Each structure stands twice: as C-alpha cells, then as structure tokens.
Amino acid sequence: MARHHITTTVNGDIREVLVETTQSLLDVLRNELLLTGTKEGCGTGDCGACSVMLDGRLVCSCLVLGVEADGKEIDTIEGMAQGEELHPLQRNFLEHAALQCGICTPGFLIAARALLEKNPSPTETEVRFWLAGNLCRCTGYDKIVRAVMATAKELRETTHA
Amino acid sequence: MARVVLTGEARRFTGDVDQLEIDAKNVMQLFRQLGQKFPELGAVLEDGFAVAIDGEIYEDSLLQPIKPDSEVVLIPKISGG
Amino acid sequence: MEDIRYEAPATVAAAVKLLAGAKGTAKVLAGGTDLLVQMRSDIVVPSLIVDIKKIADTGTIKKEKGGWRIGASVPCAVLGEQAALVRDWPGVVEAAELIGSTQVQGRATLAGNLCNASPAADSVPALIAAGATVAIAGPKGKRTAKAEEIAVGPGRTSLQKGEFVVSVFLPPRPKRASDAYLRFIPRTEMDIAVVGCGIALVLDKKGLIEDARVSLGAVAPTPLLVKEAAKAIVGTSLDAQALEALAAAASAACRPIDDKRGTKEFRIKVAGVLARRAAETAYERARAK
Amino acid sequence: MPDDVKLTREFQVVGHRKVRPDGVDKVTGRAKYGADLILPGMLYGKVLRSPHAHAIIKKIDVSKALKLPGVKAIVTRDDFPDQPKSKPPYGPRIADLWDTTRVIMAREKALFEGHPVAAVAATSESIAKQALKLIKVDYQVLPHVIDPIEAMKPDAPILHEDQFTLGVEPAPTKPSNVFRVMKAAKGDTAIGFGEADVVVEREFKTQAVHQGYIEPHACVANASEDGSVDVWMSTQGHFVARNQLAALLGMSVGKIRFISSEIGGGFGGKIPMYGEPLAVRLSQKAHRPVKMVMSRDEVFRATGPTAGATIRIKIGARKDGRITAAEAELFYQAGAFKGAEIAAAIGCMYSQYDLENVSIVGYDIVSNRPRIAAYRAPGVPMAAFGVESVLNEIADKLGIDTVDLRLKNAAKQGTVNVQGLRYGPIGFIEMLERVKEHPHYKAPLGKNQGRGFATGFWMHAGGLSCASINVQDDGTVTLIEGNPDIGGSRASMCAMAAEELGIPYEKVTTLIADTSSLGFTFLTAGSRTTYATGMAVVEATRNAIKVCCERAAAIWGVTAEQVKWEQGFAKPASANVGDFAPLSLSELAKKAPMMGGPIAGHAEINATGQGPAIGAHLVDVEVDPETGFVKPLRFTVFQDVGRAISPDYVEGQMQGGAVQGIGWALNEEYIYNDKGQLVNAGFLDYRIPVASDVPMIDTVMIEEPNPNHPYGVRGVGETPIVPPQAAVANAVENAIGRRLNELPLSPPKILKALSERPVARAAE
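If you read the sequences in order, they're chains A, B, C and D. First residue of the first sequence? That's 1 in our numbering, and the numbers climb one at a time after it. First residue of the second sequence? That's 1 in our numbering, and the numbers climb one at a time after it. First residue of the third sequence? That's 1 in our numbering, and the numbers climb one at a time after it. First residue of the fourth sequence? That's 1 in our numbering, and the numbers climb one at a time after it.
A couple of the hints might just be wrong.
What the hints assert, rightly or not - Cβ-Cβ distance ranges computed for the label pairs, FRET-style:
hint : chain 1 : residue 1 : chain 2 : residue 2 : range
1    : A       : A2        : D       : K153      : 50 to 60 Å
2    : A       : E117      : C       : E265      : 18 to 28 Å
3    : D       : K153      : C       : V234      : 53 to 63 Å
As the list claims (entries may be wrong) - Quick partial rundown of chain C residues pointing at chain D, CB under 8 Å, derived from the structure:
hint : residue
4    : F169
5    : T188
6    : E189
7    : I192
8    : C254
9    : K260
10   : R261
11   : G262
FYI, nobody ran anything at the bench for these hints, they're computed from the structure. Predicted model only: the values in this text are computed from it and were never measured. Here a beta-carbon is modelled for each residue, glycine too, at the ideal position from N, C-alpha and C.
Here chain A stands alone, though its shape is the one from the complex (with noise of 0.2 Å):
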C-alpha cells in the first residue's frame, strides 16, 4: 500500500507524517499522531463526533482524507484549552452539566466554538441547527444548548466589558 509523505499543522505544531490513501483525516489523527481526542462514532458525517477545524471551517475529520491535510491547518479538541485555562465552552458544558458519556463531548465543543466565531449572538434554534450535525445519545441536547448560550452571553459580556 503506498503512503503519502504529508506536512500539516495540528493545534499549532508542524506535523509530518506517512498516510495510506485510503486513511481518512480521522485515522491519521488518531492512529498515526495519537490525538485521540477526536472521536469516530459513525464514520459517514452522520454524527459530528469527529468535528475539527480544517483551515478555519468545522468538518468532519471522518470525511476527508489523510492525503488532504496536506499543507493545511487543523484545530482539534487537544488544542482548545490554553495551557490551564480552559476555553469559555468546555468550563460551561462542565458547569452545566452538559456531558454524561462524553464521547460527543469534543465533537459538540469543536463546533460550538465554530458556531460562537461566526455568530456571537444565536438563537436556541439557531444553536440546535447549527448543532444538529452532532448526534448526542445522552442529554437530550437540554443541557448542551444551555450551556453554549450561557458560552454565547458570557463572552459577548466579555467583550463589551
């Protein structure tokens, strides 16, 4: 099986590795640069567990392949807190309660960051469709929509403080 020589940045740090053709961004960053943050729970875009930003857009890491990464940039859950500090997100799914399995969890805060940098102000139904590509088999979503508007408020508070 031929492999592909690939550079990319994840989370910051230049990245070089071997990939199969077939190997999907998700297997790469799993099993060849072990961020097993990134989870696969369905491997056909229909759950958004594998969620991560590739050069600034939400995907679903389970839909592109390894080869692509190529020169590109990727932002995965490893990469959302900052040293101690964690992101404004996960301390509120913490503090909401917004997680019971957690296997959906990185998945949900990767695209609720990306939904919070485009629209700093949604609707509950807004933060539901945006979402709705994230499969949650726990919560019922209750407290997962609550704790990304508490993020939404606490941040525009922030930021015209």
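With chain A's structure known, arrange chains B, C and D on it following the hints.
Just chains B, C and D now, kept in the frame of chain A:
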C-alpha cells in the same frame, strides 16, 4: 409459619398450589423446603427467582431472615439496562 | 493488493489527462462527502482519485455576465457567506445549506451533489429550477450542459470518460425574481430528502408570474423539471386556484418508489404540498425585490 | 442501613451541583475511551460477518487470508469450545453459554445478517480488511424469518431444532421459534370485564430500536505468555464480562483482568460481550495485543437492539373510571437467541395501578435478527405504550380527565401487583397531583397541537457492589469502586463519601477498579449504580470513620464509643468524655502510619430493597396536517427520584430518556429487506433525534427519600424511557383526532391516518 405466595412463573412448578405455609428462618431454608416439596422448582430457585418479603425485594440473599408472620412472594429475576 | 492512486493536479488539462487515461474506476474528489462514504463501504473501489481542489478557479465564486460562476470545489458553507449570491439565488443557497450537517457543508459542493446523481440530492432541484448550467472539461475540450442533463439515473451521469464538472453557473436575475427550495424529511435535519422541490419565479410589474421553473427531487430516478407545474402558475398571481393546479401538476409528475424513507403515496401527496409552499415562498421573495 | 438519621439534616455536598471529577479530561479530549488505547506492537482485529440471515456454514477456508503479508492470526468457530445449555428459567445473570458462544461466533449456522463467522488480526486496519475478503465461506442459505408473528406460524423456518416451547401444557413435541410462554394472573378477568361499562381492546406494534450509543464497541486484548489476559473494554460491567470470558474460553477467572475504559454510552447495549473473546483468542494466537473496534454499521447489524413487539391490550372500566379488569398478550422478538424481556414487562406494565383482575401472557420468540440486548427499562416501554394508549382512550370514552383516570386507579401503600408484590410507600398519587398542579397541564394549545400524558413503572435493581476507601497521609481520600461511569456516577460517589466524612468534595478522588483490584461488582445497569454501589461507598466510608474514631480514642485515652464523627472531625461524644480539641481527618491521617497503619474502609455488599421507580410525562406536539410531520413543542418529566445526589445528572437522565423515547415514538426502527438484511444500518437512516428535533426538556424531581438507602437514593436511569412513547402517541391523537397504534409514528402513517375518519369521543 411464613406465608409463601406462588404466582406466575413459580406456579408452573407447583401445579394448583398458589399458597403455602413454610417454617423457615431465612431464604436458604425457605428454598430448601420449597425444593423438597417441588423438586423442579427447587432446581431453579437460586438462579431464577428473587423473593419479596413483606413487600421488600431480596435477590441472591440466602441469609435474609424471614419472620414467622412474614409474607413471602417469589418473583422472577429481571435485569435492567 | 490493489493500490489506490491519489493525484492532485494543478490544471484542468492535467486532471482530464489523468481521468481519461485511468484504468479501472477513476473518481473525482472535490468535497468527498459522498466518495469517502462509498469507499468506506466498498460501494466504490476506485483505482484513481483525482483531487481537483488544487486547480485554480475550482475554489472560487465569481460574478460572470451578471450571473454567478461557482467553482466545483467550493464548499456549500461558503455560498451563504456571499450576501449578493444569497440575494440573487436564496433558494439555491438554502438548498445547499440543507445538505448534511454544518460539518458536511464545510466540504460538500454543488458540483459534487450534481455528479453523485442521487435522485434525492437537495441542491439539484434548486439548480434545475434556477436554470443552472455546468461547465464540463473533457478529452474533447470544454462543453456546457444544463443541470437537469447531468443525472441520467440513480448514481449515473451523462459525463463521459475523462470528463469532469469544473464549475456551476447560475444565470443573472432580472428584477422581481426569486427562488425557493423546500424538502420534506422526517426529522428537522440530517436526513435525505423524501421529497424536494425547487421553484424559481420571475414576476411582471403587476405581480403576475411571468416565468416559472419547477423541479422535484426524490420522486423519480432523477430530479425532474416539471414543465406542467410551471405552466399551472405562469400568468397567475399565485392565487388559491393556481396553487391547487400547481400541487396537482407536481403530484401528477411523480414516479416514486416505496423505500425505507417514504411510501409512493406519501411522496406524491407531499410533492404537491411542497410545490405549493415553495411557490409561496419564492413568490413572496420575488415581490419583495 | 441502620443509620438513617442523616436523611433529615442539611447536606454540605450531597444534592449540590458539583462539577464532575472526570469532567476536565472529557472536555479536553484526554479521557480514554474504548478505542483510544494504543499498545506497542498492537494488531488490528476485524470481523467477517455473514451476509445471509439464515445459512448453514458448511466450510470456512482461511488459507489465502493467512498468507497475506501482515496477517498474524485468524479465528473461527474452531477456536472456541462449545458450551452446554443451561437450565431454564434463565435468570438475568446467566445468559445461556450455549447461546453466548454462538452470539460471538457462528457455529453450525449463521442466524442473522452480520453474524460473525471469522476474525482476523493484522498489522494495519487496511490489511485486516483486505484479509476478510480472502476468507472463503461456503454457505447453504436457508429460508429466514424476521417478524416474530411470522416466526410463530407452523410453517416458519425453525432457527433451533432443539428448542421446544416452555410453559405450555402438554409439553410440545415439535420444535418452535417460541422459546417460552410466561404467564401471570391475579383475580378473575372474566368477572372483571363483566362489571365493566366500557371495554377497549387494541393491538399495538413496535419495531426493534437500537440503544444508539455514540461510541461503537471497542476493546484491546493482551494475552501474556504466562497464560494471563488483560482486556481493556468499553463496557457496562467488566466484572460480569470477565466471568463470562472465563467460561467461554475455559480459563480461570483469576487469570483474567478486565479494565473498563471510559464508556461512550451504553443504555444496556454494552452489557454483552461481542468482540472481546475474539480479540483475546487472536491475541493468544498472535502473541501480540489486538484492538477490535466496531464500525457503526456493525453496531447496528450485529449488536443488540431491543425487541420489537406486538402487544394486545384489553382493559375494562366502570363509568366512574375504576378499572375492573386488564389483560395483555405480549409477543416479543428476542433475536436469534432467546431472552426477550417479557418477565420485566409482566412485572411492570400494570404495576403502577391498583387492579383486582389482571392476566398477562408473554411470548419470547426467536427470529433471524441479532440477539437483543437490554435497553433502558428493558421490555417495559413497548408494553407501556399499549397500556397508556388504551387508558387514554378509556378516559376519552368516559369523558374523564386522563390524570384523574390514573388517580382513580393509582397504586398505594399495600397495593398488591400481578406478581403478588405488596408495596410499601409509593408516591404515585402525589406525583399525579403534582402533574395536575403544573402549569404545563393547563397551558393553552394552538391549532394542530395536542397534549399527551403517560406514566411508567420500573423496578430499579440492587445487587453486588464493593467499595474501598483509603485515607491518604495528607487527609485526601481515594475511593475505589467497580462500576464503569457512564453518566457522572463518580461525582455522586465522591459526594456521598465527602458528605459522610465531612470533608470538601474536591478532597475525594474516585477510581474505577480493574477486576483484579476489587471484589465483584455487578453491572452499571438497572438504575442500580448510585443506589447499590452508593450504599457500598457509604458503608466503606463509615468503616473508615470507625477507624478514625478508634484512633482518636487512642490518642485521647478514651473508648471508641466515646468518640463521635462530626463534619470532618473526631469529637468527644459528650461533655462527660472530657475536653479534647477535635481531631481533623488530616490530623488523624498524618498520625496513622505510627498508630497501626493507614486508615481505610471497605464494604462488600448485596444491596437489596430494590423498589419501584415511577415517572410521568407530559408532552405537547404540533402536527403538520399536510405532511404528517410531528414537532414536539414542550415536554415535562415528573419523577420520584428519592434523593438526587447530583441533581444535574439526575435531570440529565430524565431528559435523555425522554428524548430517546421521542426518537422511539417518532422515527427509530429496524428496517429489513426481503433477504433479511438490515437496510438502515447507519445514523443517516436510523434516525435518532438531533438537537433541532426537540425542545428543552423540563424536569420536576420529586424527592421522597427512599428508606432503603442511607441517602434516600432511588434508581433514576431507566424510568424516563417508559412513558414517552405513549405520551407522544397520545399527544398526536389529541392533535389529529386519530389514534395510531404502530410505532414509529412516521409521517407517512400519520398522513394516511389523516385521510381516515376521526375517532368519536364521548367528551365532545
């Protein structure tokens, strides 16, 4: 003598007997005596049944005391998800 | 074992050469949201993947002769970020924004949605209603085709060996023109359309419909352009009678199947309902302009 | 538990909203789930599965696959010893090993599409995948049967030639797909129906639905050269898995160690083992660690959904709403092997009501589908869908408010259910009163909107649990327990231990033990963890406190009885004992090494006193009359939770269960083609609710402390999935005036119903 109530599944092994009095100080003695009266039931009691003693359910509790005036009901074990 | 070759050419000509010279199955990779799923489940086992994202211009949206030229690798999520495009073609953009999730829209493309040739593709009825054309490159040079000419059956296209779609073109809009796309799914998101309907309208100064195009998805082996449905509303102000005639014509055009997503009976009935509702939305939008 | 005085005092930790201890790892991607372990030299395992629903496996040829470079081991049925059948009736803990060994790897026959036939371990996933294609399996395809009602017919293909229906007289002589018939009765329903003014009899149908946990099954097995085995597994019960693996492979329990990974959802579906025995055998053969991760497709095709069912309900009532008789016939599909949860259905379906005459018959039916697995209150939601729908209809027919009808028949202290169980205090009436007082109940409804109500009964479990607590030198505390934490249970364990000790929550760390480090602990299932393991934690903590008091007594030169433990300090029990400055936990811990050794406590218990867990759901929906689309608008869950140790996570259970129930009611179903193959084995077409499908889920926690638990805990996890199906169906009926008795209430069904005549109502 404790009053033992047999319903549903337990009745499969006891024919028409739906109630009987048994002198047992705990569940182990109860199962032993039931097994003597109904050997087929006796073979499956420990694995298949819980008991409710005066409305409290005990599963896998052979040493649970039974009072002389207690009502004991055999209930098939169920498991959750 | 059989190796899969991956190439990311920088020019249209190089891509055509690769595709034309391929032995076995050659697949074009733009967003990859269909291709990767098909490869994973062995529905498609390509011998060559040609990633067209490095070809200049496939990644851009440009105003051209009053219309819009959308490159074949432009992700759907980008369309909604172009305010002027949304103003001209709100229906096409809303259809593109219904494909999969936000994540999927970060990759999926209009050209890919067309070339996957699913009868239920969301953006295709909107493109057909819009009168969109596609620019195709191939061994014999460039050609243009209508959006409705691409799919010829479920998963099958009219593209010849070596050909690929380079861009999609949305024509210029006159005044008092707009479009809308609606689909029915059992959930609110993340499903394949059980029925989809795209409608584009142009109104005259009095508010009567001057021109209409109606397209239905998921009710036949390919998305349909339903001329009878358009005829039912042209010349009207979309009054109740016109809407009824539109619904009836839309339902009459359906040739659906029963499957895991819906019954024939349901699809036929809902096609009429959606046609009516999409027409009302498109009409309101056109009047507001 | 003897010491229940604490039920009345104000808690410092218990009942407060605390951040869970495992939370930071889970929001930063650090937490390790089933598929996240990577070991040196690790191989990747993949499973070859039968494409046929029913076929004799004549021959399996792995020779070509073995020659593929990178393939290190292959296992088939020949690598697993056959097992004896166990004797009926089967309790929940003894899944028949004859069945189980056939679930993990087909032997004589493939009994469902997706049935494992062989497994490969190779140096990469792609090589393993390639190797599967090189395995040649010679099948003789047999006729199959999917629907359980079809499977009962005399000419249906028989799955197990040696299965003769149990529970019928005389014992049958022909094999059958019906494994057993189970009955329960109370009073005389014929007399009861004779007294009824209204009798409603309806047939209901529900489809198989999957638990839908987002994390696919995953494990890593590592067989050592000394014959021992370590297994890392995403599971709801690693102790149970260990014992089962030992039996399946003929190994001694002591040679096997299971480590539970973080678990990405289970809902009952991660009780069984699937890939683990295969990974262990592959690891033994390859002398390397082997990872096995299922794809989503495999999860749907080959792991347990819950039973689909056909249910006949007949209920009679007098004009005043009093029920005079209730009957039910339950036809449950078990999948390819017996075990449909009819016992639970029989025990719970009518049990929140005080009924004189009841008769229930249940059928456990095999067909060519994956063996079912438990799914949250297993067996009960389908039956409750029927019962609560019929009660709704009776209320309508009699012109009685639907909650009042339940009030008229509510079980209370002293009520005896169909199994003969006599209830202690049971707060059903109080809950119904709370529903009536709630603003949701009387809120106005708009056009095309409807409101539905339903209740549900479940028995939460007890069982074996162990806990061990170590007080460290600096006064921090390490708590060790044996239940995989699926929904925040570590937080509750920390809270209970901290409350007992009177120290801050943050000072307690809870770890989940591997199976060699703690005594047997039963599953994280049956709503039992906070109840049963919580009990063990409290007992272990109290044992450590006893040691603390003994140490303080030694320091003060008094007896241990003269020392009391209060808010983190040993204090003289009374003024008579003497004037001693209180000793804190950290002071005692610091001295401990010089006073006989570290301070610790442990408990190994069988938690009994399992009890009813009742809930009620109120839902408003809007139905699009032109498309049949149902949109849930408002949802309120009422539940008696005993006492909420972690209120956030109790609410989370109620909300999550309700939304799973909405999915079950509206969209979820297993769909098969005529070849017996599943056609919607993915999240695209197996439609679980997405965020935009549902409203906020309001919760009303009713806290009537459970006298059987030191903190009053009642199991809460399962009850919330019992009422929503009927509640949603009743709401749809209320909105459109037509009753649908088949789940899911998909738009095509609703649109079809809308073309039919509306039902007549006495009330109008």
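We went through each hint and held it up to the structure:
1. A2/A x K153/D: 50 to 60 Å: 55 Å, holds
2. E117/A x E265/C: 18 to 28 Å: 45 Å, violated
3. K153/D x V234/C: 53 to 63 Å: 57 Å, holds
4. F169: 30 Å, violated
5. T188: 4 Å, holds
6. E189: 5 Å, holds
7. I192: Holds: closest Cβ of chain D sits about 7 Å from I192/C, inside 8 Å.
8. C254: 14 Å, violated
9. K260: With a closest approach of 5 Å, the K260/C hint holds.
10. R261: 7 Å, holds
11. G262: 6 Å, holds
Violated hints for the displayed structure, listed by number in ascending order: 2, 4, 8.
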